[in-house]
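Number of protein chains: 4
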Amino acid sequence: MGCMGLKAGVYGGGGYAGVELIRLLGGHPEIGAISVASRGYAGHGIREVYPQLAVDGEYVAPEEIEAGDLDVAFVAYGHGESAGAVKELLREGAHLVIDLSADFRLPDEGLYGEWYGEHPAPELLVEAHYGLPEVFGAAVGRLVSNPGCYPTAAILALAPVVRRIDGIRSVTINALSGVSGAGAKPSVKTHFVSVNESANAYGAPRHRHTPEIETMLRRVGEVPEVTFVPHLIPITRGELETIVVDVQDVPEAEEVLGWYAEDYEGWAFVEAREEYPHVAHVANTNRCRLSAAVDDRAGKLLLFSAVDNLLKGASGAAVQNMNLALGYEEDLGLEHLK
Amino acid sequence: MGCMGLKAGVYGGGGYAGVELIRLLGGHPEIGAISVASRGYAGHGIREVYPQLAVDGEYVAPEEIEAGDLDVAFVAYGHGESAGAVKELLREGAHLVIDLSADFRLPDEGLYGEWYGEHPAPELLVEAHYGLPEVFGAAVGRLVSNPGCYPTAAILALAPVVRRIDGIRSVTINALSGVSGAGAKPSVKTHFVSVNESANAYGAPRHRHTPEIETMLRRVGEVPEVTFVPHLIPITRGELETIVVDVQDVPEAEEVLGWYAEDYEGWAFVEAREEYPHVAHVANTNRCRLSAAVDDRAGKLLLFSAVDNLLKGASGAAVQNMNLALGYEEDLGLEHLK
Amino acid sequence: MGCMGLKAGVYGGGGYAGVELIRLLGGHPEIGAISVASRGYAGHGIREVYPQLAVDGEYVAPEEIEAGDLDVAFVAYGHGESAGAVKELLREGAHLVIDLSADFRLPDEGLYGEWYGEHPAPELLVEAHYGLPEVFGAAVGRLVSNPGCYPTAAILALAPVVRRIDGIRSVTINALSGVSGAGAKPSVKTHFVSVNESANAYGAPRHRHTPEIETMLRRVGEVPEVTFVPHLIPITRGELETIVVDVQDVPEAEEVLGWYAEDYEGWAFVEAREEYPHVAHVANTNRCRLSAAVDDRAGKLLLFSAVDNLLKGASGAAVQNMNLALGYEEDLGLEHLK
Amino acid sequence: MGCMGLKAGVYGGGGYAGVELIRLLGGHPEIGAISVASRGYAGHGIREVYPQLAVDGEYVAPEEIEAGDLDVAFVAYGHGESAGAVKELLREGAHLVIDLSADFRLPDEGLYGEWYGEHPAPELLVEAHYGLPEVFGAAVGRLVSNPGCYPTAAILALAPVVRRIDGIRSVTINALSGVSGAGAKPSVKTHFVSVNESANAYGAPRHRHTPEIETMLRRVGEVPEVTFVPHLIPITRGELETIVVDVQDVPEAEEVLGWYAEDYEGWAFVEAREEYPHVAHVANTNRCRLSAAVDDRAGKLLLFSAVDNLLKGASGAAVQNMNLALGYEEDLGLEHLK
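Top to bottom, those sequences are chains V, B, R and X. Quick note on our numbering: the first sequence kicks off at 6 and runs consecutively. Quick note on our numbering: the second sequence kicks off at 6 and runs consecutively. Quick note on our numbering: the third sequence kicks off at 6 and runs consecutively. Quick note on our numbering: the fourth sequence kicks off at 6 and runs consecutively.
Copies of the same chain look alike in the list, so a pair counts if it works inside one copy or between any two.
Below are the DMTMM-like pairs computed for lysine to aspartate or glutamate, each with C-alpha atoms no more than 25 Å apart in a straight line:
(1) K92 with D76
(2) K343 with E63
(3) K194 with E63
(4) K12 with E340
(5) K190 with E86
(6) K343 with E279
(7) K12 with E35
Honestly, the hints are just simulated from the structure, not real lab data. It should be emphasised that the depicted structure is a prediction, and the values quoted were computed from it without experimental measurement.
Generate the whole structure from the sequences, applying the supplied hints.
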């Protein structure tokens with residue numbers, strides 16, 4: 006972490022998204038210095054907590070970072086906590102804030118309230134850019150809201166379809182997630198013995214990523230309420246979504262693959278293939294891999310989408326957003342994750 | 006494997022279903038002798054091939070077993086191979102044959118032909134009893150067709166609903182399966198490195214368990230073509246199905262749980278609970294665990310069903326069927342698997 | 006949990022050893038009633054905490070159990086906490102207490118103090134029977150100290166050797182353990198993401214099972230200080246020990262297998278085989294599987310020993326000890342675990 | 006895979022080492038073109054076989070590559086097959102050959118014969134450089150023999166000790182390996198169901214990496230015959246070795262850590278730390294992480310060493326060797342694996 010180049014701050018650097026940010030920013034050619042804040046680990050060496058990181062330096066308390074000096078700040082707090090921190094960072098003069106929480110993903114204060122509770126900084130909602138560049142373009146402005154991991158996979162698979170097809174009658178998203186998606190905090194649910202040799206649905210039918218998926222898809226077309234059922238499976242990282250779309254006139258699978266090719270041409274990290282994506286095809290990368298099939302008998306369109314929840318689903322996307330917001334190539338420092 | 010009690014034969018004893026049959030029959034109080042045939046392993050000690058089995062004895066060639074002496078024969082061959090063996094066993098005088106293959110699951114020769122090819126013994130289709138006793142009653146006659154693992158979980162979850170609800174518009178089954186479901190034969194797909202830390206959809210949209218699910222459900226009510234998407238996940242055993250039912254008037258979840266309680270009362274191995282089933286709740290047991298939820302926003306009924314694919318989904322059910330066909334309690338020799 | 010038969014109490018029923026005890030005692034033909042105490046879970050349904058258990062009933066507070074009525078009490082508390090509870094149970098008139106903690110494994114108060122701290126009930130040390138029946142005979146008296154999981158595997162492998170060979174120069178035990186050995190309490194160390202796709206040594210060179218192994222082996226022969234290095238590997242249950250013995254005159258492997266056959270003849274759960282034991286050969290059983298090999302070049306004897314840490318390494322052995330102490334066959338209620 | 010820069014050939018590109026080589030060379034700034042040969046997969050697209058690779062191009066037959074044009078050739082065949090291919094490549098004029106097989110690791114034809122059989126190209130043994138640069142220096146000449154995965158971890162841990170300590174009485178290496186170490190070929194041993202939830206010793210006491218460890222260590226000091234016991238554990242990649250050294254005068258652990266710091270100063274990929282290495286600390290990196298402890302009671306020195314078997318234990322080291330042999334920095338193209 007030298008002294009030249011951009012100054013980056015990571016807030017909430019003790020969680021899994023933080024670990025990935027530290028790793029990615031540490032290898033980014035334009036980043037010159039990284040300060041990593043963690044309320045829980047302040048004063049501890051980063052490697053003491055995460056020995057797999059080959060970095061020196063200590064976690065500091067958030068207030069020890071001079072926010073006004075930051076070229077870019079990443080906030081990886083939980084929802085509800087993040088908005089306040091973002092507000093403060095912007096007030097203190099941070100040039101660019103990328104928020105990895107859910108706080109700025111729902112542009113509507115009322116909708117946020119319905120799913121999360123009262124919004125701590127509603128006045129900022131209007132300027133938050135939803136950072137899924139392959140669908141909504143490169144980030145602009147000083148505040149980027151990094152998408153949720155499940156919505157990333159879902160919207161990348163569905164947007165090209167929703168854009169082109171009218172009369173979608175129902176959308177069912179069956180998602181599988183690795184355990185890192187449940188966070189670093191130890192609990193009965195994340196105990197190895199609870200997870201290993203098991204699998205279970207959770208959070209359905211009201212998982213909080215549901216309104217994010219609906220809201221963002223409705224920016225590109227009409228879509229009914231989505232049924233979203235996430236499952237926990239015994240892998241560390243990666244997500245796979247199998248999406249069933251019920252529509253009057255089902256397109257051919259090849260046609261859908263063509264839409265993907267068209268919409269994502271020129272983007273480095275999204276690719277559709279005939280073969281169904283495996284989690285292993287995207288794990289430890291910033292990729293999203295898509296595929297499509299048609300169930301002729303039942304008249305349904307099947308979409309498949311896989312991402313690494315910690316990279317394209319979180320920290321990889323955050324760095325990609327930073328690159329775009331600062332005018333770099335989207336894959337700068339992420340070349341080995343393509 | 007003493008000399009008193011019933012004589013059992015296991016054909017295809019070298020696969021995973023065979024291993025479980027050997028284990029279960031070895032501990033069954035009414036079974037006196039077990040002969041285990043395997044074309045691949047004939048002449049090899051059973052423990053040499055599966056050291057986790059605490060049994061003596063050798064695999065023999067199928068023709069070394071005197072079929073006419075058998076009180077019960079279990080056939081665990083692949084589809085297409087099984088029907089001929091079953092026919093021969095019945096001809097030679099085996100009293101009861103329980104077929105674990107797909108050969109007698111579809112009662113209609115034409116339908117079988119559409120999904121599997123020409124049926125090798127269509128004349129037997131009419132007398133095969135579909136061995137899902139909790140829905141279709143105790144096995145009668147000399148030929149039991151043991152249900153597929155996925156259909157077991159699906160039909161147990163859906164039958165009580167299909168029986169009571171008209172106007173089901175669509176049924177989508179998302180299934181997760183452990184790798185033992187792919188069989189004991191080594192392949193790139195079952196290599197540890199291929200499966201571990203991954204997950205993928207496969208077989209969709211035309212997995213062969215689809216018509217079995219539809220056909221059997223239509224015995225209890227009306228149901229449209231089913232969309233069935235199985236996935237492979239990195240666990241050894243167990244299956245979890247998340248079923249989304251689109252229906253005009255969605256019942257309450259409690260109502261559905263009540264239907265389950267009503268329909269499965271008195272049956273030892275099927276139980277519905279409010280909590281969503283985890284694979285770990287049924288692994289290494291002969292249970293099926295069910296649950297239900299309602300997605301009010303999207304107007305969908307969600308059903309959850311978990312079984313151990315090698316037990317309730319195969320060999321446990323086969324022994325349960327044997328018990329019922331021979332007039333024993335369904336859980337005889339399976340008490341520790343409740 | 007009916008009303009006839011023996012009355013059993015389980016103290017510390019909320020941990021993994023407790024879960025196995027509940028399962029095993031629930032299926033034991035001589036146990037009529039089970040009371041399960043847990044300080045953390047008192048008032049909660051047992052199935053609420055462990056849905057994989059097919060039992061009714063609630064956890065109670067320890068003091069709600071009438072200890073004087075118990076035919077047998079199992080204590081599965083942590084070391085230091087257990088001794089006081091055992092003392093109280095015996096004082097109140099429990100007929101038989103089986104302690105699964107480390108508190109009565111070291112017969113010497115001074116040695117206990119050196120590794121664990123001050124002993125809470127040293128006066129009971131003299132009457133505690135070390136419950137490894139295959140080496141030290143069936144339990145007698147009112148207090149059985151259930152061996153540690155690692156010592157179980159180690160002593161079963163080493164005792165026949167130590168008994169017959171003089172001049173052992175060094176003993177190195179490399180042990181691999183599943184994560185259930187680390188207990189049910191969530192922590193960073195047992196988080197799925199910490200354990201999965203990893204492995205590490207821990208506790209060496211002063212793991213507390215070391216003096217237990219040495220002390221008990223010295224009851225059968227001479228043995229130097231043992232080097233014991235346990236490792237955590239990403240499996241739920243099971244332990245494998247690879248033991249390297251440095252001795253002047255290395256015996257043949259066949260000879261050692263013969264010693265095992267001789268010493269363990271008639272015992273249901275211990276078996277030596279030429280093939281090296283895999284954890285999968287013993288998981289979910291009460292077995293110990295042994296093997297031996299010789300490194301001619303380096304002049305070393307290699308011993309291999311595998312157990313399921315929760316069964317033969319804890320609760321299975323506890324029930325086996327109960328059986329023997331009460332005059333039953335050692336495998337009563339454990340037949341399916343052979 | 007553009008046209009500028011060095012021309013690289015990979016022979017045996019269908020195995021796991023090949024996959025890693027393709028990935029690493031594809032991201033290497035000095036490599037301009039890569040030809041990948043595979044006898045089994047010739048004519049198939051690389052991504053068709055390994056969809057996780059983001060490369061275009063097809064596997065070709067070995068003879069389709071013009072060896073004389075190659076700046077560097079990597080040979081990842083099995084032992085016995087490799088030597089002939091290497092000989093032919095050198096004859097045809099390949100500038101640098103890096104052999105990942107065992108064929109050139111034992112410098113002595115007789116020793117090779119004892120463990121592997123007759124050597125196919127003994128005349129080349131004298132010029133093969135053993136490519137463990139941190140111990141034996143940067144590769145020189147036209148033939149580099151890439152070390153075995155187990156020897157890499159063992160020699161890096163032991164060399165600094167063997168160099169400084171006389172009178173080592175015994176060395177016992179207990180190694181744990183991920184399943185990728187067993188190769189890509191499907192077999193019962195690598196079937197997910199065989200490996201998952203299990204662990205086992207194998208290959209001992211005569212695993213072929215034993216003489217490689219002994220021979221190379223004896224280049225730096227005196228060492229007796231080594232006892233080497235590898236185990237298979239259910240992880241995809243990574244190796245952990247726990248090494249017990251019996252020596253008259255046991256040094257302090259801090260002293261050993263100091264030797265490591267001294268000997269590996271300036272090398273990018275080897276690092277000793279007080280904390281014991283976890284496989285997760287090195288997986289997906291080119292690192293070797295070391296630690297040391299002392300068992301005072303038994304008078305033993307404990308060494309711990311972890312590598313990723315496919316990177317520092319194979320393909321990462323091969324690229325590192327290429328870098329050094331061609332005069333680049335050792336970490337060129339490997340920066341993200343530090």
